[in-house]
Structure formats: C-alpha cells, structure tokens
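**Q** The numbering used here puts the first residue of the sequence shown at 1, with every later residue one more than the last.
Don't take each hint at face value.
[As the list claims (entries may be wrong)] Here are the computed lysine to aspartate or glutamate pairs in the EDC-like style, where the Cα-Cα straight-line distance is at most 20 Å:
| # | residue 1 | residue 2 |
| --- | --- | --- |
| 1 | Lys9 | Glu90 |
| 2 | Lys156 | Glu90 |
| 3 | Lys75 | Glu90 |
| 4 | Lys234 | Glu50 |
| 5 | Lys75 | Glu50 |
| 6 | Lys9 | Glu92 |
| 7 | Lys9 | Glu50 |
[Unchecked claim] Pair by pair, the computed Cβ-Cβ distance ranges are:
| # | residue 1 | residue 2 | range |
| --- | --- | --- | --- |
| 8 | Arg10 | Ala159 | 33 to 39 Å |
| 9 | Glu50 | Arg2 | 25 to 31 Å |
| 10 | Leu138 | Phe37 | 22 to 28 Å |
| 11 | Ile163 | Gly128 | 34 to 40 Å |
| 12 | Val215 | Gly128 | 16 to 22 Å |
| 13 | Cys91 | Ile23 | 28 to 34 Å |
| 14 | Ile174 | Tyr121 | 33 to 39 Å |
Please keep in mind that the hints were generated in silico from the structure rather than gathered at the bench.
In this text the structure is predicted, and so the values were computed from the model without any measurement.
By construction, the Cβ of each residue, glycine as well, lies at the ideal position given by its N, Cα and C atoms.
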Amino acid sequence: MRNSLIIAKRELMLFFNSIVAYIFLFVFLGFSYWFFFRGFFYYAQAEILEMFNVLPWSFFVFIPAITMRAFAEEKRSGTIEILMTYPVTECEFVFGKFLAVVIFIGITLILTLPLFGMICYLGDVDEGRILCGYFGSLLLGASYASLGLFASSLTKNQAVAFILGLIFCFVFMIIGEDIVRVTLKGKLQEVLYETGLIRRFDSMKRGVIDSRDIVFYFSFIGFFYYLTFRQMTKSE
Numbered sequence: 001m002r003n004s005l006i007i008a009k010r011e012l013m014l015f016f017n018s019i020v021a022y023i024f025l026f027v028f029l030g031f032s033y034w035f036f037f038r039g040f041f042y043y044a045q046a047e048i049l050e051m052f053n054v055l056p057w058s059f060f061v062f063i064p065a066i067t068m069r070a071f072a073e074e075k076r077s078g079t080i081e082i083l084m085t086y087p088v089t090e091c092e093f094v095f096g097k098f099l100a101v102v103i104f105i106g107i108t109l110i111l112t113l114p115l116f117g118m119i120c121y122l123g124d125v126d127e128g129r130i131l132c133g134y135f136g137s138l139l140l141g142a143s144y145a146s147l148g149l150f151a152s153s154l155t156k157n158q159a160v161a162f163i164l165g166l167i168f169c170f171v172f173m174i175i176g177e178d179i180v181r182v183t184l185k186g187k188l189q190e191v192l193y194e195t196g197l198i199r200r201f202d203s204m205k206r207g208v209i210d211s212r213d214i215v216f217y218f219s220f221i222g223f224f225y226y227l228t229f230r231q232m233t234k235s236e
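Please model the complete structure; the sequences and the hints are all you need to start from.
**A** Right, dumping it as structure tokens:
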C-alpha cells in the first residue's frame with residue numbers, strides 16, 4: 001500500500017503540472033456552477049440535480065483525457081522499465097495510478113460542496129439524497145477511470161489511448177439506456193442493459209442506494225483493474 005501511495009502522489013503531481021487537469025477543473029466547475037445559478041436566478045430554485053445530470057458527460061470527455069498518459073506515456077518514454085526496477089509490484093503500480101485518478105475526481109467533487117452548503121443555508125433540503133448523488137458520482141468517476149486506464153495500457157500513443165477511452169466510456173454509458181431494450185431482444189438485451197453505468201447512477205442521484213448497484217460498480221472497477229494489471233504484466 002505504501003508503494004501505491006508513492007505512485008499516486010507522483011501521479012497527482014504530474015496531473016497538476018498538466019494543463020489538462022486545470023481545463024477539466026475549469027470546465028467541470030464552470031458547468032456545475034452555471035447550471036446551479038441558472039436555476040437559482042431564472043427559476044428561483046436552489047437545486048443541485050442539474051449538476052448531477054451533466055456530470056456523466058463531463059466525466060466522459062475529461063477522465064479519458066486525464067488517464068490517457070498514465071501507461072501510454074510511460075511505455076513511450078521508457079520510464080516504465082525504470083519504475084519496474086524499483087521495489088514495486090505491477091499490482092501496486094496499477095493501483096497507485098488508479099488511486100491518483102480517483103483522488104483527483106474526489107478533489108473535483110469537493111470543490112462543488114459550496115453549492116451544497118448554499119442549498120442547506122437557503123432552505124430545507126434532503127441532505128441524504130444529495131450525499132447519495134455525490135457517492136454515486138465518485139463511483140461513476142472511478143468506473144470511467146478504470147476504463148481509461150485500461151485503454152492507456154493497450155497502447156504507447158496517448159491520442160489512441162484517449163480515443164479508446166472515449167469509446168469504452170461511451171459504450172458503457174449508452175448500453176444502459178432504454179433504446180437498448182427497444183433495439184435488442186432476449187438475454188443479450190438484459191445483460192447489456194444491466195451493465196449500463198448511467199442507469200445505476202440515475203437511481204443514486206435520486207437518493208436511492210441499492211446494494212446491487214454498489215456491488216456492480218465495485219465489480220466493474222475490479223474487472224477492468226484486473227484487465228489493466230494483466231495487460232501491464234504482459235507488457236513486461
């Protein structure tokens with residue numbers, strides 16, 4: 001665990017030395033605050049639901065951009081061989097990368113907490129529902145991160161890793177939509193529908209915590225973490 005934390009610290013420093021991280025923060029927070037204050041001034045509603053509505057699409061674009069260099073750049077520059085000479089296992093290495101992305105996502109969500117505080121100050125709110133939304137947002141972001149890291153482990157090219165990350169995230173976004181149930185038939189329909197990331201997030205942002213959704217997200221993250229680990233082991 002100590003080695004993973006060292007890797008995570010290194011990755012966070014690289015994030016904040018990159019313009020991509022600041023673009024993500026600026027755009028994500030800009031959208032979040034804009035949707036909140038639009039409802040507040042135009043419709044006299046202090047509601048944070050709009051932020052949760054736009055969040056999957058913000059994550060869809062920027063998390064692959066954050067994760068694209070994680071392994072691809074290490075492979076291209078040859079620094080991965082140097083890192084692997086240190087007393088760190090492939091499992092610790094991959095987990096450190098993943099942990100850094102999740103921490104960054106957590107920081108991003110924390111920066112939206114003033115909206116939560118403002119809503120609480122202005123009137124009675126369902127704090128439980130909002131906290132469920134934040135919890136679901138973190139799980140959704142971590143799921144995107146697992147997909148983005150897997151995409152990065154497949155190539156040495158950051159642009160290719162970014163495109164693959166977008167494709168992976170998009171696929172797991174739309175397969176939970178109702179259009180899937182209309183288009184497909186039989187067991188394939190149900191299997192694909194059940195693996196949709198957004199469908200489960202929608203229930204959480206409404207304040208519904210289902211243990212099956214939590215198990216799904218952790219299983220999803222674990223599965224792609226394992227695929228990334230296997231890919232990095234194969235690369236050695």
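**Q** Could you work out which earlier hints the structure fails to respect and list their numbers in ascending sequence?
**A** Violated hints: 4, 5, 7, 8, 9; rest satisfied.
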